[in-house]
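Peer 1: Please construct the entire structure, taking both the sequences and the accompanying hints into account.
In the order they appear, the protein sequences are chains A and B. The opening residue of the first sequence carries number 15 in our numbering; numbering runs sequentially from there. The opening residue of the second sequence carries number 855 in our numbering; numbering runs sequentially from there.
The hints are simulated quantities; they were obtained by calculation from the structure and are not laboratory data. Check the hints yourself; a few may be wrong.
Said to hold, decoys possible - Here are some chain B residues the structure puts well away from chain A; computed CB gaps all over 10 Å:
{"no.": "1", "residue": "Arg-863"}
{"no.": "2", "residue": "Gly-915"}
{"no.": "3", "residue": "Thr-918"}
{"no.": "4", "residue": "Pro-991"}
{"no.": "5", "residue": "Ala-1079"}
To be verified - Some, not all, of what chain A presents toward chain B, calculated at C-beta under 8 Å:
{"no.": "6", "residue": "Arg-171"}
{"no.": "7", "residue": "Asp-174"}
{"no.": "8", "residue": "Ser-214"}
{"no.": "9", "residue": "Arg-217"}
{"no.": "10", "residue": "Leu-226"}
{"no.": "11", "residue": "Ala-231"}
The beta carbon of each residue, even a glycine, is placed where N, CA and C say it ideally should be.
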Amino acid sequence: MSSSRSDGLYRPGTSPIHRLPAHVKVVAALGFVIAVVSTPGRAWWAFAAYAGALVLVTAMAALAPRFVARGLVIELPFVVFALLLPLLAGGEQVEVLGLSLSRSGLADAATLLAKATLGIWTSMLLAGTTRPQELVAGLQRLRLPRLMVEILSFMVRYLDVVADDLRRMRIARDSRAFSARGPRHWGVLASTAGALFVRSYERGERVHLAMLSRGYAGRLVLHGDRPGSRREWATAAVLLAFGIAVAITARVAT
Amino acid sequence: MTTPALDVRELAYAYPDGRQVLFGLDLTIHDGERVAVLGPNGAGKTTLVLHLNGILSGGHGSVTVGGLPVEREHLLEIRRRVGIVFQDPDDQLFMPTVAEDVAFGPTNLGLDREAVAERVTEALAAVGLAAERDRPPHHLSFGQRRRVAVATVLAMRPEILVLDEPTSNLDPASRRELAEILESLSLPTLIVTHDLPYAWQLCPRSVLLDDGVVVADRPTTELLADEELLRAHRLELPFGFDPRVQPVRP
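Peer 2: In structure tokens:
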């Protein structure tokens, strides 16, 4: 029951990156990703510079390259799209391994992949060094609307419980010799999803009752993270400033 | 006679779908009393519990807590006075850390930061979990979570404690630890349970509920010895358990 799944992608550690307050990291990561996204296409040296910075941060946070690589799996749909681009785009053609590919399509595909990879890498660094609860507290400190913070906080708290519900339902189902083999079994999967929804909904009601019983009147006070010190902000600002500088230079150069 | 800690009079209630669960229930608890509420599934135990702090209302009859009627205008005070520990601690514990969860109730009462912190420390000490204050509740064992759930209501300094099936899913050691905590508190306590030996161990008095009314209200030993009564209301003692020959409690 008390697994650490709820810690999501968090990898415990005591590195300087781990110790930064969550909201400081959120600002740095978000700013850096915006810089990456706003970099003009084909500015290869800029993408290499971003990657260099991320390698440095990954090393500082003592995160394994394999951990980052695992996160890149969600990039797969982009990869498929990127692979199609050179085949479908028009313009000047080049021959690669007997295939006729579009030169601009290749460049666009490479840009797309570079940006997606850098963005996911940054997110993995944030997720790997920040506990989900801290992230929620950080977002609160950044003045995300209260309702959204509360919803996120409940999600972090109950993800495990709902996952456990699902696991128990699956075990109970499989214990009666069920295995989903084809469309014939989709009905069973659909009712599992439905039952899980109803259970979660009912749990929501019970949680609400329990909250009312302790005098809840519509205001949840989450105790946020500590504020960032000037030094910590400065650390984060280095990454941010680097990203912005590279993005501007790339824009001016092209 | 002093004001009873809890006084339920002729309580009747039907759910909005028309299903009537309580049919004129009377129950009085005095200061310092620990009372077990026994009864088969569907007897109305949970419905009764939800009336004690005004979560459910609008039926017939009255509930008063320490002389204060459970009515809309003093709902907050009622919820401070009546501490309910629900059956599933996962329903009760939802804040990111144990300490924040225990602070939830006192904060709702409008206490300032220092007062809240004091309540949290006091409540966690009372359940022996002071060391776990900064951990997320879902990292605790089930027994620990149940104890945190008790702490979350103790932090409101209630005048009566109500526990719904406190021993469900507990291993024997957690069960004993919880009993020790409950015995150490000098609060009037209502324990809703199917666990008859637990009722016998903790509560000198028991109330048997069935079909929405109190069918028996006697000393626990005497009630549990009445086999006919138990059988008539689908209650059974565990195999080999005899309340008459159990050793006297230490």
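Peer 1: Honestly, which of those hints from before does the structure not fit?
Peer 2: 4, 8
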